[in-house]
Amino acid sequence: MKVLPIELGQLWPSGDPYQMLLSLAYLFVFIMLFMVFNQHFQRLWWTRDVEKALVKLDRYLKRSKEVLHKAVMEQGKPDMDPSRAIEDFLEFFVIEPVDRDPFGVLKRLEHILDVERDRFRSFVAWVAPKADKATAANLEDLLAVTMALNLIYKITRHYLILSKRTKSLLILMQIAYAVPLILRIAEAYYNSLDAFSTGKPIGDSAGPMVAGRFMLGHPSYQIAEDVVASEVPFEGRKLVVIKADGPGGRIGKPGDAVVKLVENYRERVARIIMVDAAAKLEGERTGQVAEGVGAAIGDPGPEKYKIEEVATKYKIPLDAVTIKESIEEAVSTMRKEIVEGVEAAVERVKNIIRTRTKEGDVVILAGIGNTIGVGNG
Amino acid sequence: MKRALWPSLAAVSAALALALVALSLFFREAHAEALLSLIFLFALVTMSLSLLAMASQRKPPTQKVPSVVTVINCLNCDYREEREFRAGDFVFKKLGSCAKCGGELFISAIYSIAQAKEKT
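Residue numbers (our numbering), protein chains in the order written: chain A, 1 to 377; chain B, 1 to 120.
Next up, chain A with everything else stripped away, as it sits in the complex (with noise of 0.2 Å):
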């Protein structure tokens, strides 16, 4: 009996329905696919690699507060279990100061800087009782680093639940693609654990060390809050060095310090020399040595306006030596090729004294960075 006015292999040309229904069904299922569902699918995979990616944040974070836990009752050994006030101390905050009317900022800033040191030092004291100078600076560090990825893990967390809630594709979109360097920055950060913990130097070490090393075997003083000072002979010249007050993790500062050698020496200081670690560009080697002017340091402002506030001054040339390294070394134990970076900044340093003063100069050596497991030398 004929149902249809046509035979339904007239539409195909190789009579077979089943082939030509298995080609329909392939075509429909890759429209949906690619066209329609093309959306929903990008936006269940964003999806699935926040979610991979929070779940590595978080179990950095546990890790983190596990080291800190341990580090602080090994070393500080408090009478009272600390991690309800560690729990509650995460979540620490600073505001930054008003910059609508930008007049005396940085000195706001130094106030309100100063005042978080202030908080981080009592809390530690507070916590780690027993633990020496040293080891109490490196709680500070650990618990700074503990901070730094609760900070992360909560950011991270937020977007996610955010993009869910308004639905919103660009949210979830931008999140996505800034987690491989959220992830990257989250990682320096947990393999910094051990460094801390222990007192290892780290990458950002490399300018104390380049300082301590011409400060050995010559007294020191102090000469600002965690700065030292030695006053090396030099080939005619007198060195003066500065740094942060080692082994414990300390930057100090370092313009106070500055400020007051100028202040004392005034015209006799030739140069002030600047050494610092310095992020490098991808594809630069670790471990590089390279030489520019202005003030060497990485602080959020305060420091470095009153290094150039001084030298201007005077008009005293600032010499800056940097040793490149990437983010994660400059948190990480000290590699090897960093401290091969720091013996050739050593020959640079030395290089320029002998280049550009004279016998009888005054020549200021700056070595900035934190100072984790390198002494004064």
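Where hints are given, some of them may not hold.
Within a straight-line C-alpha distance of at most 27 Å, the following computed BS3-like cross-link-like pairs (lysine-lysine) qualify [unchecked claim]:
#: 1; chain 1: B; residue 1: 93; chain 2: A; residue 2: 77
#: 2; chain 1: B; residue 1: 94; chain 2: A; residue 2: 350
#: 3; chain 1: A; residue 1: 238; chain 2: B; residue 2: 100
#: 4; chain 1: A; residue 1: 130; chain 2: A; residue 2: 62
#: 5; chain 1: B; residue 1: 100; chain 2: A; residue 2: 70
#: 6; chain 1: A; residue 1: 130; chain 2: B; residue 2: 94
#: 7; chain 1: A; residue 1: 62; chain 2: A; residue 2: 77
Derived by calculation from the structure, the hints in this document are not laboratory data.
Dock chain B against chain A, hints included.
Same frame as chain A, but now just chain B:
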């Protein structure tokens, strides 16, 4: 085998199996539809392979466990010694007198040499 690769690998295997079925159909009956299916399935295989390549680029979480060396030098002579890092070591720490010349021994450097990886 990394866990993240299994779904992509399963998709590739399924697509390859389908492609083989379509290929056998093509050679047995020479249907134009089978050829169409074959092209589609090859496209599917190619896409699955690219997904597989993308997934394999994602590294699993690792914690770098460096082997840390302490270098000891003498202030007066060329004495040099390398040993494993011990708790309490720091650069420029004085370590007593040199067995060779009686000069002062100090730690000249502490650094990591190799970074073995382990799963967290």
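Hint check:
Of the supplied pair hints, the one linking residue 93/B and residue 77/A holds, its CA atoms being roughly 25 Å apart against a limit of 27 Å. Restraint check: the Cα-Cα separation between residue 94/B and residue 350/A comes to about 24 Å, which is no more than 27 Å; the hinted pair holds. This hinted pair does not check out: residue 238/A and residue 100/B have alpha carbons roughly 32 Å apart, beyond 27 Å. At most 27 Å may separate the alpha-carbon atoms for a hinted pair to count; residue 130/A and residue 62/A meet this at roughly 25 Å.
For the suggested pair residue 100/B and residue 70/A, the alpha carbons sit about 41 Å apart, so the restraint of at most 27 Å is broken. At most 27 Å may separate the alpha-carbon atoms for a hinted pair to count; residue 130/A and residue 94/B meet this at roughly 24 Å. Distance hint between residue 62/A and residue 77/A is fulfilled; the C-alpha atoms sit about 21 Å from each other, no more than 27 Å.
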